[in-house]
Amino acid sequence: MDLKLSGFHHLTAITADAPGNLAFYTKVLGLRLVKKTVNQDDTSAYHLFYGDGAASPGSDITFFDWPVGPARHGTHSIVRTGFRVNGDSLGWWRDHLRAQGVKAGDVTDVGGRQGLIFEDPEGQRLSLVDNGASAAGHPWERSSVPAEHQILGLGPISISVRDLAPTEQVLTRVMHMKKVRDYPQSAISSNQVHVYQMSEGGPETELHVLVEPDAPTAREGAGGVHHVAFRTPDTDSLRLWAERVRDFRIGSSGEVERYYFRSLYFREPNGILFEIATDVPGFTADEPLETLGEHLSLPPFLEGRRQSIEDNLKPL
Numbered sequence: 003m004d005l006k007l008s009g010f011h012h013l014t015a016i017t018a019d020a021p022g023n024l025a026f027y028t029k030v031l032g033l034r035l036v037k038k039t040v041n042q043d044d045t046s047a048y049h050l051f052y053g054d055g056a057a058s059p060g061s062d063i064t065f066f067d068w069p070v071g072p073a074r075h076g077t078h079s080i081v082r083t084g085f086r087v088n089g090d091s092l093g094w095w096r097d098h099l100r101a102q103g104v105k106a107g108d109v110t111d112v113g114g115r116q117g118l119i120f121e122d123p124e125g126q127r128l129s130l131v132d133n134g135a136s137a138a139g140h141p142w143e144r145s146s147v148p149a150e151h152q153i154l155g156l157g158p159i160s161i162s163v164r165d166l167a168p169t170e171q172v173l174t175r176v177m178h179m180k181k182v183r184d185y186p187q188s189a190i191s192s193n194q195v196h197v198y199q200m201s202e203g204g205p206e207t208e209l210h211v212l213v214e215p216d217a218p219t220a221r222e223g224a225g226g227v228h229h230v231a232f233r234t235p236d237t238d239s240l241r242l243w244a245e246r247v248r249d250f251r252i253g254s255s256g257e258v259e260r261y262y263f264r265s266l267y268f269r270e271p272n273g274i275l276f277e278i279a280t281d282v283p284g285f286t287a288d289e290p291l292e293t294l295g296e297h298l299s300l301p302p303f304l305e306g307r308r309q310s311i312e313d314n315l316k317p318l
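If you read the sequence shown in our numbering, its first letter stands for residue 3, the second for the next number, and so on.
Possibly wrong hints are sitting among the right ones.
In silico DMTMM-like cross-links for lysine to aspartate or glutamate, where the CA-CA straight-line distance does not exceed 25 Å [as the list claims (entries may be wrong)]:
| hint | residue 1 | residue 2 |
| --- | --- | --- |
| 1 | Lys-38 | Glu-222 |
| 2 | Lys-6 | Asp-281 |
| 3 | Lys-181 | Asp-4 |
| 4 | Lys-316 | Asp-43 |
| 5 | Lys-29 | Glu-143 |
| 6 | Lys-180 | Glu-245 |
| 7 | Lys-181 | Asp-111 |
| 8 | Lys-181 | Glu-202 |
| 9 | Lys-180 | Asp-238 |
| 10 | Lys-6 | Asp-236 |
| 11 | Lys-29 | Asp-97 |
| 12 | Lys-105 | Glu-124 |
| 13 | Lys-38 | Asp-236 |
| 14 | Lys-6 | Glu-257 |
| 15 | Lys-181 | Glu-170 |
| 16 | Lys-29 | Asp-19 |
| 17 | Lys-180 | Asp-165 |
| 18 | Lys-180 | Glu-202 |
So the derived label-pair ranges between C-beta atoms look like this [claimed, not checked]:
| hint | residue 1 | residue 2 | range |
| --- | --- | --- | --- |
| 19 | Glu-245 | Gln-309 | 36 to 42 Å |
| 20 | Leu-298 | Pro-69 | 15 to 21 Å |
| 21 | Leu-242 | Gln-171 | 17 to 23 Å |
| 22 | Pro-72 | Arg-248 | 32 to 38 Å |
| 23 | Glu-143 | Gln-102 | 16 to 22 Å |
| 24 | Ser-255 | Asp-108 | 41 to 47 Å |
| 25 | Gly-256 | Lys-29 | 36 to 42 Å |
| 26 | Glu-289 | Pro-72 | 31 to 37 Å |
| 27 | Leu-298 | Gln-187 | 37 to 43 Å |
Derived from the structure by calculation, the hints contain no laboratory data.
The beta-carbon is built from N, C-alpha and C at its ideal position, and this holds for glycine as well.
Kindly produce the complete structure, drawing on both the sequences and the hints.
Set out below in structure tokens:
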């Protein structure tokens, strides 16, 4: 089997305000709440998944709802989450975000593509970038955003490290990515961003690695990112990834059953948490596509605790 990651599967971030988070990502960004569930390791916390109309792998940004203080931005962390849109939608998005009270700059170069940089109400750092080729995507008919402007999916995603070499070894030797280009962090910074591509494709296949040797270490919290997940098609390929990570003597979780997908977790050398997750079975494993996200979903091993779990959750 040609072991290649096909792009991003999801990105999981942290919120301390689940109702506000739900309002922003559904009403302002127009994403669909495709799964309302709980953190399987901490059932007192919601785990909210937002994606496209079909709940496609690669379209999801997800949030743990934890009562924590604000994140401290810094290195050894995931520093910006990109969403892809059709390039002729960027002007619409600039005007839409500003009308919603979101501070959004002008359309400008974002890592080699036209895009917009902005933040959510908790300081989560986001961007919208030109997909590079016109795509219909999987629009959601009940979205607040017109179908032609809706978000197509994730990518690129940016991380920050102090030392590139050990991270690059994992990306290229272990994860089979290839370096395709680099660019300066900004016009006034000597820091460089190095772009690694997982497979043939556009920004959905690109991990951007910013090297910040003098930056403080990030602190986890609301407005920060917990981990990023990469796509593999099925359990057979995930098993091979688990063997590969073990062969390189990288500590990992081993295969973890998440019910909606199966996962493998490990940290790259600068401490950033990576996950490889399967495309199958997907979010329709326990509810029909038409009503995704409308009720609290629990995997079978938590179903017997439904009443106590629901009693401990805050209303959304």
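Hint check:
no. : hint                           : in the structure
1   : Lys-38 to Glu-222              : 23 Å, holds
2   : Lys-6 to Asp-281               : 13 Å, holds
3   : Lys-181 to Asp-4               : 19 Å, holds
4   : Lys-316 to Asp-43              : 18 Å, holds
5   : Lys-29 to Glu-143              : 13 Å, holds
6   : Lys-180 to Glu-245             : 21 Å, holds
7   : Lys-181 to Asp-111             : 20 Å, holds
8   : Lys-181 to Glu-202             : 12 Å, holds
9   : Lys-180 to Asp-238             : 23 Å, holds
10  : Lys-6 to Asp-236               : 12 Å, holds
11  : Lys-29 to Asp-97               : 15 Å, holds
12  : Lys-105 to Glu-124             : 13 Å, holds
13  : Lys-38 to Asp-236              : 23 Å, holds
14  : Lys-6 to Glu-257               : 18 Å, holds
15  : Lys-181 to Glu-170             : 9 Å, holds
16  : Lys-29 to Asp-19               : 15 Å, holds
17  : Lys-180 to Asp-165             : 18 Å, holds
18  : Lys-180 to Glu-202             : 10 Å, holds
19  : Glu-245 to Gln-309: 36 to 42 Å : 41 Å, holds
20  : Leu-298 to Pro-69: 15 to 21 Å  : 19 Å, holds
21  : Leu-242 to Gln-171: 17 to 23 Å : 19 Å, holds
22  : Pro-72 to Arg-248: 32 to 38 Å  : 37 Å, holds
23  : Glu-143 to Gln-102: 16 to 22 Å : 21 Å, holds
24  : Ser-255 to Asp-108: 41 to 47 Å : 42 Å, holds
25  : Gly-256 to Lys-29: 36 to 42 Å  : 39 Å, holds
26  : Glu-289 to Pro-72: 31 to 37 Å  : 34 Å, holds
27  : Leu-298 to Gln-187: 37 to 43 Å : 42 Å, holds
Of the numbered hints given earlier, the model fails none.
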